[in-house]
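K.L.:
Below, each chain spelled out in residue letters.
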Amino acid sequence: MYKIVSKTTLNNTTDKMEIYAPFVAKNAKPGHFIILRVDKAGERIPLTITEHTDETVTIIYQKLGYTTSQLGQKIVGDTVEDFVGPLGQEVEIKEASTLLAVAGGVGAAPLYPQLQAYHAQGTKVDLVIGAKQQRYLILLDDYKSICNKVYVCTDDGSQGTKGFVTDFLKQHLKNHTYDHSIAIGPLIMMKHVVSLHKTFNLSTDVSLNPIMIDGTGMCGNCRVSIGDKTYFACIDGPDFPGEKINFDELISRQSFYTEEEHMCQLEELVSNDKK
Amino acid sequence: MIKNKIKMNEQSPKERTTNFKEVALGYTKQQAIEEAKRCLQCDSPKCVSACPVEIDIPKFIQQLTNNQFKAAYNTIEQDNILPSICGRVCPQEKQCEGACVLNAKFDSVSIGALEHFIGDFALKENYSPSHKITPVHHKIAIVGSGPAGLSNATTLTKLGYDVTIYEALHRFGGVLNYGIPEFRLPNDIINQEINKVKALNVKFEKNVVIGKSITIDQLFTDHDYKAVFIGSGAGLPRRLNIKGENYGGVLYANEFLTRVNLMDAANFPTTKTPIKTGDDVAVVGGGNVAMDAARTAKRLGAKNIFIIYRRDETSLPARVEEIKHAKEEGIEFRLTLNPVAFNGENYRVSTVVCQKMRLGEKDASGRRRPLPTDTYKTFKIDTCIIAIGQRPNPILSRANDQLKTDEYGRVVVNNHETSIPNVFAGGDIVSGAATVIHAMGAGKKAAYAMDQKIKSS
Numbered sequence: 015m016y017k018i019v020s021k022t023t024l025n026n027t028t029d030k031m032e033i034y035a036p037f038v039a040k041n042a043k044p045g046h047f048i049i050l051r052v053d054k055a056g057e058r059i060p061l062t063i064t065e066h067t068d069e070t071v072t073i074i075y076q077k078l079g080y081t082t083s084q085l086g087q088k089i090v091g092d093t094v095e096d097f098v099g100p101l102g103q104e105v106e107i108k109e110a111s112t113l114l115a116v117a118g119g120v121g122a123a124p125l126y127p128q129l130q131a132y133h134a135q136g137t138k139v140d141l142v143i144g145a146k147q148q149r150y151l152i153l154l155d156d157y158k159s160i161c162n163k164v165y166v167c168t169d170d171g172s173q174g175t176k177g178f179v180t181d182f183l184k185q186h187l188k189n190h191t192y193d194h195s196i197a198i199g200p201l202i203m204m205k206h207v208v209s210l211h212k213t214f215n216l217s218t219d220v221s222l223n224p225i226m227i228d229g230t231g232m233c234g235n236c237r238v239s240i241g242d243k244t245y246f247a248c249i250d251g252p253d254f255p256g257e258k259i260n261f262d263e264l265i266s267r268q269s270f271y272t273e274e275e276h277m278c279q280l281e282e283l284v285s286n287d288k289k
Numbered sequence: 292m293i294k295n296k297i298k299m300n301e302q303s304p305k306e307r308t309t310n311f312k313e314v315a316l317g318y319t320k321q322q323a324i325e326e327a328k329r330c331l332q333c334d335s336p337k338c339v340s341a342c343p344v345e346i347d348i349p350k351f352i353q354q355l356t357n358n359q360f361k362a363a364y365n366t367i368e369q370d371n372i373l374p375s376i377c378g379r380v381c382p383q384e385k386q387c388e389g390a391c392v393l394n395a396k397f398d399s400v401s402i403g404a405l406e407h408f409i410g411d412f413a414l415k416e417n418y419s420p421s422h423k424i425t426p427v428h429h430k431i432a433i434v435g436s437g438p439a440g441l442s443n444a445t446t447l448t449k450l451g452y453d454v455t456i457y458e459a460l461h462r463f464g465g466v467l468n469y470g471i472p473e474f475r476l477p478n479d480i481i482n483q484e485i486n487k488v489k490a491l492n493v494k495f496e497k498n499v500v501i502g503k504s505i506t507i508d509q510l511f512t513d514h515d516y517k518a519v520f521i522g523s524g525a526g527l528p529r530r531l532n533i534k535g536e537n538y539g540g541v542l543y544a545n546e547f548l549t550r551v552n553l554m555d556a557a558n559f560p561t562t563k564t565p566i567k568t569g570d571d572v573a574v575v576g577g578g579n580v581a582m583d584a585a586r587t588a589k590r591l592g593a594k595n596i597f598i599i600y601r602r603d604e605t606s607l608p609a610r611v612e613e614i615k616h617a618k619e620e621g622i623e624f625r626l627t628l629n630p631v632a633f634n635g636e637n638y639r640v641s642t643v644v645c646q647k648m649r650l651g652e653k654d655a656s657g658r659r660r661p662l663p664t665d666t667y668k669t670f671k672i673d674t675c676i677i678a679i680g681q682r683p684n685p686i687l688s689r690a691n692d693q694l695k696t697d698e699y700g701r702v703v704v705n706n707h708e709t710s711i712p713n714v715f716a717g718g719d720i721v722s723g724a725a726t727v728i729h730a731m732g733a734g735k736k737a738a739y740a741m742d743q744k745i746k747s748s
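Protein chains in written order, with my numbering: chain A, 15 to 289; chain B, 292 to 748.
For the record, the hints were derived by calculation from the structure and aren't laboratory data.
Source: prediction; values computed, not measured.
No residue lacks a Cβ here, since even glycine has one placed at the ideal position from N, Cα and C.
Misleading hints may appear alongside valid ones.
Partial pick of chain A residues on the chain B-facing surface, computed with a CB cut under 7 Å [stated by the list, open to error]:
| hint | residue |
| --- | --- |
| 1 | 37 |
| 2 | 169 |
| 3 | 230 |
Derived lysine-lysine pairs resembling DSSO-like cross-links, with alpha carbons at most 30 Å apart [as the list claims (entries may be wrong)]:
| hint | chain 1 | residue 1 | chain 2 | residue 2 |
| --- | --- | --- | --- | --- |
| 4 | A | 54 | B | 415 |
| 5 | A | 77 | B | 497 |
| 6 | B | 497 | A | 43 |
| 7 | A | 54 | A | 138 |
| 8 | A | 243 | B | 647 |
| 9 | A | 243 | B | 695 |
| 10 | A | 243 | B | 671 |
| 11 | B | 695 | A | 108 |
| 12 | A | 54 | B | 647 |
| 13 | A | 54 | B | 494 |
| 14 | A | 54 | B | 312 |
| 15 | B | 489 | A | 40 |
| 16 | A | 17 | B | 489 |
| 17 | A | 88 | B | 497 |
| 18 | A | 30 | B | 497 |
| 19 | B | 430 | A | 17 |
Extracted from the complex, chain A is given alone in its bound form (with noise of 0.2 Å):
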């Protein structure tokens, strides 16, 4: 069992959760994951860390499914059942002068960890943030203490630019240039990120967070066609460079599942009813 010591809420449907955890937080670097199981019951869900110090590790979750809703419920002093890690590889810190980096949504989160090392060593880091509305937006003010530019957007313009992120970066790229870039965020915004990026000749690693069970190589619900090879996200990844990735294919693999997601928030709905 592995016992929550900091919670906090970062908007309506986002936590950021602390949990001990020393096996896991001994080895953490950027990139690296982690799989929990909420209770005995519960399915293996993958998230990033996103901070850690030699005991503790921290992850940001958005309540959209069941298990991270499941999640939202503890609280500090509550314990959740198992929690493993870090998985993955370490994220490659690649030298750039300078670096675009793009959020989408939740995506803040696993960015981080890779902004801080890109700031560390130096780089100049331009954020462009984007979320439905504003109160979807997280960790600005940490993120305006390592970046050199905050762009905002919001889909309905409650805050910074209206519109998506890639329409302002299609303005955004016309007079400014990057040594390298890194989209983190939905499938269907890293995808069209990349092929933004590619008209300009701009690389782009992604981040990417498939259906996993195990997290050591050993499932393969994780794959991802990158050209014409097959890799794992769990194992080879959770970082690839954007432009081979067929990203349509991940979209599909992502939503296999979607009906069974929603027998289980019904089945949570209706025993919630009952109480």
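Chain A is fixed; fit chain B onto it per the hints.
P.N.:
Leaving out everything else, chain B in the frame of chain A:
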């Protein structure tokens, strides 16, 4: 003497395909004793040397005929702490029973069924292993709680070492737990036999991925281990490398079986890991894992399940018993076919295209080599489960470039020791995917090599 072996009772095919309960019901005490009496008690028994862990088979059978159940258990447990498991999943027909002299004219003694009986009897009666502990107090770390690790741990504990097993998953048992379905090996049996290992004072740590959570170097420097045994198994699925393999609905047996065995997906949505098969399910491969996957799909409610295998029936690598069970349960065999592509829309599979094969000359495996023909067959499917083998898990070798592996990713050993001094390895990580009992044999032999190395240094 009775010429034919006594058949074990089983759940009927009609009944068992509606549940995940064990198919084999085990011998009664009378059946076990009667079967044990068929053993000729050979002067130089061939069965013992055919057993990878060299159980004193005639001795435990003799004790069984004398109603000495505890003694029989202790005879087995000297060499094998997991009799209930091995009695169920060992390919005895190729090992002890294959070597039985009765085979010449009659049925061999059902050694596996007798081991199964004694193992279960010991669990029911709560017999404990008898062992002498000579305290040495050196700490040993074991990577993986599968058959190799459990056997290594048991042997080392009996030699007096302070042993800790690290497991990456949230439950212990490795492939016994995530791979083999409950209808062949109930989780309850695994847990009870692992409890016997725990009772020997072996420590178990779950959710620790050696190479990630703790590196091999850190095991020595930060945790004071004297030696390490790697038994991390062959967990990486082998791919077909054909078009459409990454479509939704195409999955590896590892994923399919893990969802059901480890995550209990059959009880979704009470448990939260989903699974779905649709009506038409193809399983590619002819080994035990393929049979397990097909029979699991049946129990999940799939209607038309067929095995696709590129050779003929006589070449199927699965145990005859598993093939028989699969056929009884309505699994169809579509043989001398080799999948060449998956088709579908929006990255969801809808058909598998197979090339008809013909059989040529015998190859190195002694089976006739499948050769392609110009004929193709297309089958409509909702799900395809690929069960064509596993490769060694790469996490440790990637995390440590000192750890030498061969071109297949298998850890290279010399007298069970890897290229890193005091780091030993055994089981599927060394041999490639093999059997539970071979892994146990390797774990046991490695334990003696470790003991020797520690004592001589």
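K.L.:
Decide if the proposed pair is consistent with the structure: residue 17 of chain A and residue 489 of chain B, CA atoms, cutoff 30 Å inclusive.
P.N.:
25 Å, holds
K.L.:
Within 30 Å, alpha carbon to alpha carbon, are residue 54 of chain A and residue 312 of chain B?
P.N.:
21 Å, holds
K.L.:
CA of residue 54 of chain A to CA of residue 415 of chain B, is that 30 Å or under?
P.N.:
26 Å, holds
K.L.:
Decide if the proposed pair is consistent with the structure: residue 77 of chain A and residue 497 of chain B, CA atoms, cutoff 30 Å inclusive.
P.N.:
Between residue 77 of chain A and residue 497 of chain B the Cα gap is close to 27 Å, so the pair holds against 30 Å.
K.L.:
Check whether the Cα positions of residue 88 of chain A and residue 497 of chain B lie no farther apart than 30 Å.
P.N.:
Roughly 22 Å separates the two Cα atoms, so the pair holds.
K.L.:
Under 7 Å, Cβ to Cβ, is where residue 169 of chain A needs to be relative to chain B, so tell me if that hint holds or is violated.
P.N.:
25 Å, violated
K.L.:
Does residue 37 of chain A pass the interface hint, meaning its C-beta sits closer than 7 Å to a C-beta of chain B?
P.N.:
Hint holds; residue 37 of chain A Cβ to chain B Cβ min 4 Å, cut 7 Å.
K.L.:
Under 7 Å is the threshold here; is the Cβ of residue 230 of chain A close enough to any Cβ of chain B for the hint to stand?
P.N.:
Result: holds, 5 Å to nearest chain B Cβ.
K.L.:
Quick one, are residue 695 of chain B and residue 108 of chain A close enough, alpha carbons at most 30 Å?
P.N.:
Roughly 28 Å between the alpha carbons, so the hint for residue 695 of chain B and residue 108 of chain A holds.
K.L.:
Is residue 497 of chain B within 30 Å of residue 43 of chain A, Cα to Cα?
P.N.:
21 Å, holds
K.L.:
Can you confirm whether the C-alpha distance between residue 243 of chain A and residue 695 of chain B stays at or below 30 Å?
P.N.:
Within the cut-off at roughly 25 Å; holds.
K.L.:
Is the hinted pair residue 243 of chain A and residue 671 of chain B satisfied, with a Cα-Cα distance of at most 30 Å?
P.N.:
26 Å, holds
Going down the numbered hints, you'll see the structure goes against 2, 7 and 12, while the others check out.
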